[in-house]
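Now for the letters of each chain:
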Amino acid sequence: MTKQTECKVINLNGGYFERGMNERVRFLRKNSLLSVETFSFERAKLLTEFYKSVEGKKIGIATKRGMALKYILENKAIYIGEDELIVGERGEFPKATPSYPEISLHSLGDLQILNSREKLPYKVSDEAFKIYEEEIIPYWEGKTIREEIFEKVSEEWKRAYKAGIFTEFMEQRAPGHTVADGKIYDKGLKDFIKDIENKINSLDNSDPYFEEKLDELTGMKIACEGVINYAKRHAKKAREMSLQEKDPIRKQELLKIAEICEYVPENAPRNFYEALQHYWFIHLGVITELNGWDAFSPGRLDLNLYPFYRNDIESGRFTKDEIKELLECFWVKFNNHPAPPKVGVTAEESSTYTDFAQINFGGVDKDGQDAVNDLSFLLLDVVEEMRIVQPNASVHISRKNPDRFLKRALEVIRTGFGQPAIFNADAVMQELLRQGKNIVDARLGGTSGCVESGAFGKENYTLTGYFNLVKVLEITLNNGFDPVTGEKIGIETGQFENFKSFEDLLSAFERQLKYFLDIKIKGNLVIEEIYAKKMPAPFLSILIDDCIKNAKDYNAGGARYNSSYIQGVGIGTITDSLSALKEIVFEKKLIPQNMVLKILKSNFEGYEVERLILKNKTKKYGNDEPYADEIMKKVFEMFFGYIDGKPNYKGGQFRINMLPTTVHVYFGSVIGATFDGRKAFEPLSEGISPVQGSDINGPTAVIKSASKMDHLKTGGTLLNMKVTPSLIKDEKGLNALLQLVRTYFMFDGHHIQFNVIDAKTLKKAKEKPENYRDLIVRVAGYSDYFCNLNDKLKNEIIERTEHESFV
Amino acid sequence: MKGLVFDIKRYSINDGPGIRTTIFFKGCPLKCLWCHNPESQSFERQFFYYKDKCISCKFCVASCSADSIKFVDGALKRGECNFCLKCEEVCPGNSIKSVGSYYSAEDVLDFVVKDYHFYGLNGGVTFSGGEPLFQFDFLIETLKLLKKENLNIAIDTSGFIATEKILEAAKYTDIFLYDIKHFDSSKHKILTGVDNTLILKNLKELSNSGANIIVRIPIIPGINEDEENLINIKKFVKSLQGKIKIEPVFYHNIMQGKYELCGKKYSLNDIVVPDNSYKREKSRVLGVDYDEANRM
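Protein chains in written order, with numbering that gives the first Met the number 0: chain A, 0 to 806; chain B, 0 to 295.
No lab work stands behind these hints, which were simulated from the structure alone. From a predicted model like this one, the values you see are computed outputs, not experimental measurements. Treat the hints with caution; some may be incorrect.
Said to hold, decoys possible - Calculated pairs, DSS-like style, for lysine-lysine (alpha carbon to alpha carbon, straight line, at most 27 Å):
1. K161/A <-> K588/A
2. K762/A <-> K57/B
3. K618/A <-> K264/B
4. K678/A <-> K762/A
5. K96/B <-> K728/A
6. K244/B <-> K587/A
7. K264/B <-> K237/B
8. K96/B <-> K618/A
9. K323/A <-> K182/A
10. K678/A <-> K257/B
11. K278/B <-> K406/A
12. K616/A <-> K281/B
13. K52/B <-> K588/A
14. K278/B <-> K616/A
15. K707/A <-> K52/B
16. K759/A <-> K257/B
17. K198/A <-> K587/A
18. K69/B <-> K257/B
19. K52/B <-> K257/B
20. K113/B <-> K712/A
21. K616/A <-> K52/B
22. K8/B <-> K728/A
23. K587/A <-> K57/B
24. K731/A <-> K50/B
25. K762/A <-> K257/B
26. K616/A <-> K233/B
27. K57/B <-> K678/A
28. K113/B <-> K406/A
29. K52/B <-> K763/A
30. K616/A <-> K57/B
31. K406/A <-> K244/B
32. K50/B <-> K264/B
33. K759/A <-> K8/B
34. K281/B <-> K203/B
35. K52/B <-> K264/B
36. K616/A <-> K237/B
37. K616/A <-> K69/B
38. K50/B <-> K618/A
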């Protein structure tokens, strides 16, 4: 079996650039893959020009932001690539990635790092350096959101941030994590303008917020006009290009593009082609306005576009193949858009080019009925054929969805690039209901980013930062001190040697946890207020109900639902550490209590026997072992209890989820040895997966352990499951995996993703990356090129994969 | 009553339909040259010793209640053992693993219900080995208990057992996985240590009883792969009545390491592991549609 697997990977290497249904798609896909990630200064330059032009003028902030977007879109370069059917780029060309100096200003040093770093570089031109030095930096220095954040948060916050207790999502990127719903296909931007104007006319000028509301609505209207004009500039450009075009077929295509860009997004789309282009302009509007996390997502594509699909197929306007071609062209557009260039901790917590636009298919419709349709299957074909890391495809499986849909998804997963991820549509809905959403909004919701549940088109659900549960335990063991730096950053909760029982330790941990969570929450309130007052997003606000109705910005609490998430990380590592402390130190007393800190400090040097005991002889999470799983539940409930339901600035609540992206590597790098036998600075466990290599009872045991967490209290959990190719090589293996997923979902599991690749192949890829540049693996909530990962992540994935306890 | 079990595997997907938990009984009357579970043959408890995991801490020596563990040339040597299992318990590197534990029927039930929710419509519990029917009384007691819980039962057997016993077990069994290793009795004896007269007779009796049977033919290149043998088996199976089908099981060699762990010599080192075209060809001879879902 092993041999077969390798052959397949090698074969794909040969076809690295040659995927796609026809020559056009292959060409566009290849172009996208070959394009170099480039730092684009165009947006920064236009933004600065605009801000200078209105300096001193009395303009409301939302209006100003709307005008800024309009100015950028009316002056930026228009790109229509050879053979493209769906058009529009955020930068001047594919993978040209703009910066957002109003949020986070890259220094010349940052630009040098971006230009030269080994992993995930962005090419920075000499001109960019020059313009940054002469125009951008002098104008924005001292005015950015990032600077204001670091100025306003408390000293405790800064100490904890520096120590790696938590990260902060909004220090370099705006609040995002939001998704379009179906309304954008029923309405053109001109209809939204009408809604806005009606709202303006209904404003009461005795309302104390009259000025603010008027400002917001004015900004929205201008932003809409900007996006409409942007599309029309594409129409003009396409028409110009058609005059020069010698190939009669391409000439017709360009004229068609012109016709479509003239019509959408101003008007509601009339067919499938227009619908995709319509979405794409809206997408570009959102990601040009601000650099919100996770870009923007089309959400339930099969559900929203099925009426167009059916109509076009039935009327003969498009064949199924033509629709597929459009979808594949659409796929390439996502791949053309790497994440805005991140630096520092943010680059470490999200160490990838991927910008996490997620497309959902499957699930239920507004009435709770099975929503799987022909288009859902066609989308799976597209995912399989395209085999690219963006967009991030996910299938949503309700108990009402047919097995054949899940099975088809597993077939695509079996080809081994981690997509699609599988979500439990019924659990997502229950999570949203628990948070107080109405049932229709919950049914029409889904997931975005990695695994985050949201009410599409109606919710601002911001992820605010990862939280390092394991670091808090380390601080607890050291009575408030960080043993890595020697600095005191926590509160004094008692000397570890003096704890009489495991319960003493747990209650000290709880107090320490509460202390740091309070710091994080307070910091979040400060940051939310800064965005609410200083950085409205009028264009995004149009798309999210009920911002127009409330005449209030998305970033200020205008949405129907407003959630702020803190993401818990390291549940596997902390559970195993506590389990070992409980059993080996407090119960069996195999290792004396007064030796614990010494052993950890030594990083097990001279204590190999102790390390092996901790690695091999303790009860670990992920083995369907109540002793460890009960500890996991306790830690989870504490984390939940100190966050869930607390009010945020936007008028909503704080919530939790359990996902890591790549932060478990960074968080591990700030923690010394841990009592589960992990050596200093090694990665933590990721998501809610067991510690790498510690689950020895097979996948059913992992699923049972993971299910003991109450997923419905979260807004998303991430379970990574390694699957050796031999395990799903045939029908039988596929059916068993299907049953495994169904059972996990019956237990309310939120999400599961599979890495189907053997360790041997990964090791070879690590040695000879040049032969494996197409090798895509599932990291955490997204797929990425193996070769783009840093060594620690590579090793971690190899270890994760190598451990084949159930062959 | 307790039975000697040497392994329990959850998420077994190659021991009968669906997701199953497989209980491996220790002890087998056959000694097949290619045996995939060499530790299953003996009816006694024994130990695996992973030399590469051993750090020579000698905790085992100190813990041994029989005072019979020694280190010779840096490796563990074991004398008389009274199976207190202290050495396994104290070994920090998990380099000692006892093979064989006693389970009551209730112990087995407690274990298999852990995955109850995964079994679905056709998954369940498989008894394998060794030869599960050789611990007959314990097996029957366990089967009765599991059947009360409505669990689906498979028995993976060599068929080398008194006929009335296999027919009795059939009352509680949903499906048999029944091996035929060679059709020629004298060759069968050379390869497995026993002749196949009883095995073929039992298969016939079992099929007459209406049992659901998958006849599994281990195909070992150069040993029992010849067309004549396969066709004879096929003809024999075709001549039987009832719910019976053939499934080839192809040779692999990933178990060779286990021979070393339990201090046995493996005699078939030179056999080439079958590739897909070989598998397809042999399946054709057996008249089986080889599932070419092998797209990996």
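Now for the hints, and whether the structure bears them out:
no.: 1; hint: K161/A <-> K588/A; verdict: violated, 35 Å
no.: 2; hint: K762/A <-> K57/B; verdict: violated, 34 Å
no.: 3; hint: K618/A <-> K264/B; verdict: violated, 35 Å
no.: 4; hint: K678/A <-> K762/A; verdict: holds, 22 Å
no.: 5; hint: K96/B <-> K728/A; verdict: violated, 31 Å
no.: 6; hint: K244/B <-> K587/A; verdict: violated, 54 Å
no.: 7; hint: K264/B <-> K237/B; verdict: violated, 37 Å
no.: 8; hint: K96/B <-> K618/A; verdict: holds, 17 Å
no.: 9; hint: K323/A <-> K182/A; verdict: holds, 23 Å
no.: 10; hint: K678/A <-> K257/B; verdict: violated, 31 Å
no.: 11; hint: K278/B <-> K406/A; verdict: holds, 26 Å
no.: 12; hint: K616/A <-> K281/B; verdict: violated, 46 Å
no.: 13; hint: K52/B <-> K588/A; verdict: holds, 24 Å
no.: 14; hint: K278/B <-> K616/A; verdict: violated, 42 Å
no.: 15; hint: K707/A <-> K52/B; verdict: violated, 33 Å
no.: 16; hint: K759/A <-> K257/B; verdict: holds, 21 Å
no.: 17; hint: K198/A <-> K587/A; verdict: violated, 70 Å
no.: 18; hint: K69/B <-> K257/B; verdict: holds, 22 Å
no.: 19; hint: K52/B <-> K257/B; verdict: holds, 15 Å
no.: 20; hint: K113/B <-> K712/A; verdict: holds, 25 Å
no.: 21; hint: K616/A <-> K52/B; verdict: holds, 14 Å
no.: 22; hint: K8/B <-> K728/A; verdict: holds, 19 Å
no.: 23; hint: K587/A <-> K57/B; verdict: holds, 20 Å
no.: 24; hint: K731/A <-> K50/B; verdict: violated, 36 Å
no.: 25; hint: K762/A <-> K257/B; verdict: holds, 25 Å
no.: 26; hint: K616/A <-> K233/B; verdict: violated, 50 Å
no.: 27; hint: K57/B <-> K678/A; verdict: holds, 24 Å
no.: 28; hint: K113/B <-> K406/A; verdict: holds, 25 Å
no.: 29; hint: K52/B <-> K763/A; verdict: holds, 25 Å
no.: 30; hint: K616/A <-> K57/B; verdict: holds, 16 Å
no.: 31; hint: K406/A <-> K244/B; verdict: holds, 26 Å
no.: 32; hint: K50/B <-> K264/B; verdict: holds, 16 Å
no.: 33; hint: K759/A <-> K8/B; verdict: holds, 24 Å
no.: 34; hint: K281/B <-> K203/B; verdict: holds, 24 Å
no.: 35; hint: K52/B <-> K264/B; verdict: holds, 21 Å
no.: 36; hint: K616/A <-> K237/B; verdict: violated, 52 Å
no.: 37; hint: K616/A <-> K69/B; verdict: holds, 23 Å
no.: 38; hint: K50/B <-> K618/A; verdict: holds, 24 Å
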